[in-house]
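*Asks:* Quick note, the sequences are listed as chains A, B and C, same order. Mapping the first sequence onto my numbering, position 37 (from 1) lands on 20, and the numbers just tick up by one. Mapping the second sequence onto my numbering, position 36 (from 1) lands on 37, and the numbers just tick up by one. Mapping the third sequence onto my numbering, position 3 (from 1) lands on 500, and the numbers just tick up by one.
The reader is advised that the hints may include incorrect statements.
What the hints assert, rightly or not - Which residues of chain B face chain C? A partial, calculated answer using Cβ under 7 Å: (1) Tyr32; (2) Leu48; (3) Tyr56.
As the list claims (entries may be wrong) - Here are a few chain A residues that sit away from chain B, every Cβ distance over 12 Å (derived from the structure): (4) Ser16; (5) Leu17; (6) Thr241.
To be verified - Derived DMTMM-like pairs: lysine to aspartate or glutamate, alpha-carbon spacing no greater than 25 Å straight-line: (7) B:Lys156 with A:Asp301; (8) B:Lys166 with C:Glu598; (9) A:Lys322 with B:Glu276; (10) A:Lys349 with B:Asp252; (11) A:Lys(-7) with B:Glu116; (12) A:Lys349 with B:Asp183; (13) B:Lys156 with A:Glu303; (14) B:Lys166 with C:Asp615; (15) B:Lys166 with A:Glu290; (16) A:Lys48 with A:Asp121.
Simulated from the structure, these hints should not be mistaken for laboratory data. Positions of the beta carbon are idealized from the N, C-alpha and C atoms, including for glycine.
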Amino acid sequence: MYVAVKGGEKAILNSHKLLAEERRGDPSVPEVSLRQIDQQLGLAVDRVMTEGSLYDRGLVALAIKQARGDLVEAVFLLRAYRTTLPRLAVSEPIDTAAMAVRRRVSATYKDLPGGQVLGPTYDYTHRLLDFALAAETDAPPEALEPAEEPVAHPMLRVCDVLGGEDLLEPETPAGDPASGEPEPFDLTREPLSFPAGRDQRLQNLARGDEGFLLALGYSTQRGFGGNHPFAGEIRLGEVSVEIVPEELGFAIDIGEITVTECQMVNQFAGSASRPAQFTRGYGLTFGHCERKAMAMALVDRALRCRELDETARYPAQDEEFVLYHSDNVEASGFVQHLKLPHYVDFQAELELVRRLRADHGDARRKEAAE
Amino acid sequence: MTSGIGAAEPMQTTRAAIGDSDPDGADRYNYAYLDEQTKRMIRRCLLKALAVPGYQVPFGSREMPLPYGWGTGGIQVTASIIGPDDVLKVIDQGADDTTNAVSIRRFFARVAAVETTEATAEATVIQTRHRIPEQPLREGQILVYQVPQPEPLRKLEPREGETRKMHAYAEYGLMHVRLYEDIARFGRIATTYSYPVMVNGRHVMSPTPIPKFDNPKMGGNPAVQLFGAGREKRIYAVPPYTDVRSLDFEDHPFAIQRWDECCALCGAGDSYLDEVILDDRGGRMFVCSDTDHCGTRRARGHTGRLGADAATAAAAKPRGAAR
Amino acid sequence: MTAAFETGFDTSRLATGFADPVLDAQAAFRRLLAAFSYVGRIQEVAEIAEIPAPLNAATASFCLTLADLETPLWLDGAAGRPAVAAWLRFHCGAPLADAPEGAAFAVVADPAAMPRLDRFAPGTDQYPDRSCTVVIQVEALSQGQGQGQGQTLRLQGPGIDGTLDLVVTGLPPWFAETWALNHAIYPMGVDLVLTCGRKLVALPRGTRIEG
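Go ahead and model the full structure; you've got the sequences and the hints to work with.
*Replies:* Structure representation (structure tokens):
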């Protein structure tokens, strides 16, 4: 019995019911709470906040719960919500020099003011499954002895040290206040345009898929690019967010966010007219996303080839390739749209292939007859 | 859940109201979902698109609650034009009852309090994916296409910077070369859908993945044709009564698909047909892809080889394929 | 809307805009969409309760529907009165452009004194959409022939089934000549909206005009 595969409202509603059942899993197992997700799956929350470009741990926890842990789906949920929010103000640039640092490592100096602050990291854990966690005894973690001295605040940035010696190129802010365009580009309001400014590129990379950036960053290290990077500094901590309300005319503090910042110090550039200087690659994420921030900094540097007069030869240096394919909400939607019906176009191709085969057969028969 | 395609669906006209029995909280969003500033931005782009038929206007596409690639461009265009006096029809593959069409129709019924219909003639706005309805459109109707890839030259040149220049200087030789390579290899142009068109004698445009069967309907159409590509962030348009020509060569003129069969349900011999597999022994039938067209014909008493009963189809003998 | 306008104006005394900003804008946009689709055909917009002189209802409706903080607006000498500027800033939030060249939209209330069309942004060869739309308030606007002393424009092009006659009173004498130049740089060029009372008609750059 032939039944056309056609949906309809009922099919969709039933599918949603099945999905709700799957999401909940075995009802005898206690439901996961948003606070549990926020507190115990914090790095997942951080990643979704970054790629979803919305700093709200509660909403992200909800998105992760609703998406059953599918982080790309959670990013999508968050983005679709974000787009409906009114834009009340544009913040002042955050000042990472004034960060309340919880972790700070530099690979370029053995020691420096403020020291190396290891902070919470998996870096030196031995990756052995911890079966104590499986026992779910909820034993409190071992108590931490207070440090002998408090973490320095503010803590000097490595880039400022190098910049002070003029060894690192200066950072130029996006937009030129003189031309009346002090605000950086915002690709959630305007489409990408090429050649893209660095503001456009950095925003795209910050929202970009961690896996995609990781692979691209890795490719620059393996020879598909020539960054020659040093991890100048990676720092994690809390920074203030300030806005200047029009009626006040001065900045007020509206809260604090956690960010991870990575400053890569790269291959120097110089010319007859300009002495040699190291070049920058920059990564910044919400929360603690170190892998992402580092990969972003590598790709940022690779994409700067045009302004640094390097020939773009590798995928990570190809602005259109990188920026058009970094967004996992776009990519996921378009890859998965292939499951929508395409039978009208397939029919068009079928008709053609049959016709071409018939032509071919006719030609062969004619040949044979001759 | 599923319905035999033979079962003639009654024309449905429903009015949804925002706010009452609204479990999804649609009343917390602006009318037609998009905020007013976004609508203004899209509206400005639409007028520029109409002013330069076939030219792709970049726009600040927003993230929609539906995935990219699933009609976000068409949805944003529809949301920017639709009002409470409109009657909306949504089709995918020519059918009103495919899941994505149902999903988009539900979305607008909910967020725009708009009347919906399956009847082409009753609709003021028709959002479509992959087809142009069989019934000729009239003045005042707006056809909104969902566009996966707005750039007709993209498969020849992946870089936006390059294709934009090609459009700027009307350098379309590459497209003709590609079509001619088909002729050299296959003896005919082997493009069957997304068949490129020249609009107003100036811009080469992607008609979206409609089968080339539908291309001739684009030119000189009394209705307004708007195109939205959400992921690629482009809007373009073809105003009514605009010259739209499918690219071809004097010795290989453009031709549309044709079938030896008629629609098995309504007997139409001039509509685009879908092939439906009936069994694992080569049994198949051909039916109109435009479900409203087919249903309307059957309601008027037209009958095809297998009549209006899908059950009959199960007993159908295997038949030859389309030529 | 934004209240970011300069001092010296009491908002409570400003003329109102659309009664329903969402649905009125939608209805007005559909008239504009029809105007740009069915080129040369006169469309009518709804009345707006209070409009600062010398704007007519169609011009006001155009601005309320399309202008905002992203679209610099240029007003000619006749339109550029403080009451109009304050009203536009309050309801649209649109920044006012000092010169025609920098405007996304321009409003001309006195066509006899208006700058030639090549003073307005025509877009670029790669982005012809970045061009100005100029709204010109004319004395009279009617369809077809024999409507008295107006200038008959015979229109042809996309959006027109064959040819269409539009009778306009009040365009500058050099209009036909500069329009031909504007049309000649297609796909670049400015687009025009002619308004009169509640009536409006669009003349996009692709339209050929005889007469």
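*Asks:* Would you mind marking each hint as holding or not holding in the structure?
*Replies:* A quick look at each hint next to the structure:
| no. | hint | in the structure |
| --- | --- | --- |
| 1 | Tyr32 | holds, 5 Å |
| 2 | Leu48 | holds, 5 Å |
| 3 | Tyr56 | holds, 6 Å |
| 4 | Ser16 | holds, 22 Å |
| 5 | Leu17 | holds, 18 Å |
| 6 | Thr241 | holds, 24 Å |
| 7 | B:Lys156 with A:Asp301 | holds, 18 Å |
| 8 | B:Lys166 with C:Glu598 | holds, 24 Å |
| 9 | A:Lys322 with B:Glu276 | holds, 18 Å |
| 10 | A:Lys349 with B:Asp252 | holds, 23 Å |
| 11 | A:Lys(-7) with B:Glu116 | holds, 19 Å |
| 12 | A:Lys349 with B:Asp183 | holds, 22 Å |
| 13 | B:Lys156 with A:Glu303 | holds, 15 Å |
| 14 | B:Lys166 with C:Asp615 | holds, 23 Å |
| 15 | B:Lys166 with A:Glu290 | holds, 22 Å |
| 16 | A:Lys48 with A:Asp121 | holds, 22 Å |
Violation of the numbered hints given earlier is absent; every hint is satisfied by the structure.
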